[in-house]
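The lines below spell out each chain.
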Amino acid sequence: MRTHDKDAEFEAYMAARQPSLLRTAYLLSGDRHTAEDLVQTALAKLYLSWDKVQQRELLDGYVRRIIVNEHNSLWRRAWKKREVSTDALPDHQTVTHEPDDGRSAALWDFVQTLPRKQRAVIVLRYYEDLSEAETADILGISVGTVKSQASRALAAMRSRVHDNPVLAQDRAPQTRPVQDREEER
Amino acid sequence: MSGYDDHDLLTTTLRDRAGDMDGHTLGLDDVKGRARGIRRRRRAMTGAVAAAVLAVAVPVGLNVSDVDRGQQPLPTNPSPSVVETPEPSPSGPVTIDAAAAPRGEDPAILYADGTTLHRPGQPDVELPQQYSYLLPYADGVMGFYGPDGTTTIVDGSGNAVGDPWPGISGAVSSDGQSLATVLYAGGSNVDTQLWPRAGANPDEGYSSNVVAFDGDLQYAGFVGPETVAYNLTVSNNQGATQKPYVASWSSNDEPRQLTSLMDVRGTNDVTGVVSGLTKVDYFKNEYCSAVVKAASDTVVWETCEYRLGRFSPDGKYVLGVDPQSDGIGTSGVTILDAENGDVVAEFETASRAFMQDAIWESRSTVLAPVMQDGTWFLVRMRPDGTVEKALEGSRDGYDDSSPWRFQLTP
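Order-wise, the sequence lines are chains A and B.
Each residue of the first sequence is one higher than the one before, starting from 0 at the first, in numbering that gives the first Met the number 0.
Each residue of the second sequence is one higher than the one before, starting from 0 at the first, in numbering that gives the first Met the number 0.
No wet-lab data here; the hints were simulated from the structure.
Keep in mind that a hint or two might mislead.
[Claimed, not checked] Label-pair ranges, simulated between beta-carbon atoms:
| hint | chain 1 | residue 1 | chain 2 | residue 2 | range |
| --- | --- | --- | --- | --- | --- |
| 1 | A | 5 | B | 165 | 16 to 22 Å |
| 2 | A | 5 | B | 121 | 27 to 33 Å |
| 3 | B | 165 | A | 142 | 44 to 50 Å |
[Said to hold, decoys possible] Simulated pairs of lysine to any residue, SDA-like, Cα-Cα distance not exceeding 20 Å:
| hint | chain 1 | residue 1 | chain 2 | residue 2 |
| --- | --- | --- | --- | --- |
| 4 | A | 5 | B | 330 |
| 5 | A | 5 | B | 165 |
| 6 | A | 5 | B | 216 |
| 7 | A | 116 | A | 60 |
For glycine and all other residues, C-beta sits at the position ideal for the given N, C-alpha and C.
Work out the full structure: start from the sequences and follow the hints.
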């Protein structure tokens, strides 16, 4: 492909998809500047591979995977810089947030406390509305792991509902149907 | 709270939060700048920087100043003749040291340096503006201007003829006599135009075929006298899909999809074949290409060692590059036998260099810009393994884009 053709095609893709990618990166990282950095790196890597990426319907999945991997790398590098010597990375990030202004803010705070893998599953499944198989493909994990991670995140969320009056407002008492519990297995 | 409610609540929360995210909008330059940094780091990690630069092997007795002697350059002006191409001879890759390569003759095809159009054997002409690429037409050119997405006819004196029209895709037949362009005719209608190279009245001198295309059409080239192959890119909310097609001006048949390929990158109207990707696995980093007969849509041969591109005008050779090469450039180019995929000659750039957009200058010479140590060189390569400079080095242009714009070649 000629350089100018490539640039024109790439620019068109970038213009169309950048806002969406930025939102996904923001949900994963919880930080605007980090999200912008993730998207710039992901798009740069896509640009380097543009000539090879001919199944354009797979582009978004490809870029999302780069964003998730880059986010994991950034996080690991950040921990290394803090001279954390243990191989076992803590599962929870420390989150500081503004005072609760309602249920959405409380839930967002909750999402930010999720381990990275669970958070990625939640963002891809419930924000991007991807299937379990698509989520598994992007994260490089099995469908079973997607199910279990989503289930754990939802269970943690329900647990928070009990503890957080804002989240619990307008909610009926906890009487989950059997089929819901079955879904989580 | 049911599972369904949980999902809804999470989805609503995430969408509310994401809706507030409107960060800095990145431009292409931002992304290319980051890409260059990634590329440099990748190269450094592979240890390529430390490799020694080898001299170019030029066989003794070769008159390197004689450009393509005995070989037919692509017709910037119609002057067909039949001359045998030399037999290939090298064994193993030839490493290009562009700075040290001997100086050959200037390119035998049209090219522009900024707004100056260089024409072999004719005076230079100042073009009205800097075009992204060019098609030789009559005594002038058709210029494709990317930012506006328009095509303009420019006469031999450098004057624009008529108004520009929307559409920036073109192709030229291997004998140089037929040109294809597109005109976006409004809505989803695309007028695919077939022009005589010698020149015609722009209003009525071409064959026209208006087709409904709900996408972007980019020609790959001619596969027959009045038949072209092209890629059609269709965008939707989920991204975009690209598929290769063959269409003809001489039949009323609908464009036919080439199902054996994912796209088409090279064509030849002498042998009626095309090249393109057959398989891509992004996560395994595996890319396979094939040569395919356009008429029957059948694979002639396939390889996962090279990403196949353009055919020589006589259809004898096809260019291949390393499938792992990235979007900024390649590490070199390989000339393959188009009939069976045998390697004829292999060229590698030096460690701190890369190559872009190799094109056929004639049936047995290939031109490619090479960026080496901050300078752009235009190198000429032959199936016998010889290398020379076709222009003096230039520090104009950008570090990812050479200062020269060449005519479209088959």
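Verification of the supplied hints:
Range check, residue 5/A to residue 165/B: Cβ separation about 20 Å, and the 16 to 22 Å hint holds. Judged by the Cβ atoms, the range 27 to 33 Å given for residue 5/A and residue 121/B holds: they are separated by roughly 31 Å. Take residue 165/B and residue 142/A: their Cβ atoms lie about 47 Å apart, and the range 44 to 50 Å holds. The suggested pairing of residue 5/A with residue 330/B holds, with an alpha-carbon distance near 18 Å, which does not exceed 20 Å.
With a CA separation close to 18 Å, the supplied pair residue 5/A and residue 165/B stays within the 20 Å bound. A hinted pair counts as satisfied when its Cα atoms are at most 20 Å apart, and residue 5/A with residue 216/B qualifies at roughly 13 Å. With a C-alpha separation of about 17 Å, the suggested pairing of residue 116/A with residue 60/A holds against the 20 Å cut-off.
Hint check: no violations occur; every hint is consistent with the structure.
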